[in-house]
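Trainee: Sequence:
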Amino acid sequence: MLKNERVATILSTVNQSGVVTVQELVNDLKVSSMTIRRDLDELEQERRIVRIHGGAQSIHFPDKQEASYIQKRKLNVTEKTDIAKQVASMIDENETVFLGPGTTNELVASYLNLANLRIVTNSLPVFEQFRDKHSDYELCLVGGTYRERSGAFIGSLANELLANIKMHKAFVGVNGINGNSIMNANSDEGQTQSIALDQSQQKFVVADHSKLDRNDFYTFYHLDKVDGLITDQGGEKQVLDRYQKITHVYTDANTKQKERFA
Numbered sequence: 087m088l089k090n091e092r093v094a095t096i097l098s099t100v101n102q103s104g105v106v107t108v109q110e111l112v113n114d115l116k117v118s119s120m121t122i123r124r125d126l127d128e129l130e131q132e133r134r135i136v137r138i139h140g141g142a143q144s145i146h147f148p149d150k151q152e153a154s155y156i157q158k159r160k161l162n163v164t165e166k167t168d169i170a171k172q173v174a175s176m177i178d179e180n181e182t183v184f185l186g187p188g189t190t191n192e193l194v195a196s197y198l199n200l201a202n203l204r205i206v207t208n209s210l211p212v213f214e215q216f217r218d219k220h221s222d223y224e225l226c227l228v229g230g231t232y233r234e235r236s237g238a239f240i241g242s243l244a245n246e247l248l249a250n251i252k253m254h255k256a257f258v259g260v261n262g263i264n265g266n267s268i269m270n271a272n273s274d275e276g277q278t279q280s281i282a283l284d285q286s287q288q289k290f291v292v293a294d295h296s297k298l299d300r301n302d303f304y305t306f307y308h309l310d311k312v313d314g315l316i317t318d319q320g321g322e323k324q325v326l327d328r329y330q331k332i333t334h335v336y337t338d339a340n341t342k343q344k345e346r347f348a
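Take 87 as the starting number for the sequence shown in my numbering and just add one per residue.
These are calculated hints, taken from the structure and not from any lab test. C-beta: ideal position from N, C-alpha, C; glycine also. Any given hint could be a false lead.
Stated by the list, open to error - What follows is a set of in silico ranges between Cβ atoms, one per label pair, in the way DEER data are often shown:
id, residue 1, residue 2, range
1, H254, N113, 41 to 47 Å
2, Q131, H334, 18 to 24 Å
3, D218, K116, 41 to 47 Å
4, S118, Y197, 44 to 50 Å
5, S98, N180, 52 to 58 Å
Turn these sequences into a full structure, and let the hints guide you.
Mentor: Right, dumping it as structure tokens:
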């Protein structure tokens, strides 16, 4: 296959899928990962795609629709793993903790080593991770109307239950943060997350650096109302410094988090 044919195929695949990984393109086109990365870099320079960690995203994708659950799982895996470790380090024995929907929060179960914990979630994937890895924990799956795109239970039933639960900490994922606005793609899901935050003594937003300075459809909470933004170290310093003026920004899983709550 000639280069121009390969590049055209890559562009078509990215636009059709919305998000594609380097490895998927390597498997489809039978060329080296170095070749694929070079082609993606050239396409980005021509502003025909958006390069993301481990792959590429269509320039039309954010305007068309929210990423699917499967697509989100491919994005920024290293960064999400770092954030999940931070979240786990901030959870203490015997607490009641809310973990909202999101592929980052799904990873938290792998990094917890506590004897006793109560996990509350409206995310089916988060629940399944804890059921498989920590069956000895008390798990509370909040029911309601199932939203397949995010794997979340939302709506009046979910809201009513959460409004009657008190939790020590809540960790909520987002699709975008811009200034003081915390946003996602669905108003019903946002309202459910907002209630969970209100019912928690300490409130945290979970977002990899690609979500910073990014807008989405629905503003469901404000950054100055939470106790911290948990992100990775990939963000630009000036961007992180700007958000540090609004709330505490956590970027290091190796820091003794408990000292920050003193």
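Trainee: Confirm or reject the claim that S98 and N180 have a C-beta distance inside 52 to 58 Å.
Mentor: At roughly 53 Å between Cβ atoms, N180 and S98 fall inside 52 to 58 Å, so the hint holds.
Trainee: When you take the CB atoms of S118 and Y197, is the distance between them in 44 to 50 Å?
Mentor: Hint violated: Cβ distance 33 Å, outside 44 to 50 Å.
Trainee: Is the distance from the Cβ of H254 to the Cβ of N113 consistent with 41 to 47 Å?
Mentor: Given range 41 to 47 Å: holds, Cβ gap about 44 Å.
Trainee: Starting from the hint 18 to 24 Å, judge whether the C-beta atoms of Q131 and H334 obey it.
Mentor: 37 Å, violated
Trainee: Are D218 and K116 spaced within 41 to 47 Å by their CB atoms?
Mentor: Check failed, 35 Å falls outside 41 to 47 Å.
Going down the numbered hints, you'll see the structure goes against 2, 3, 4, while the others check out.
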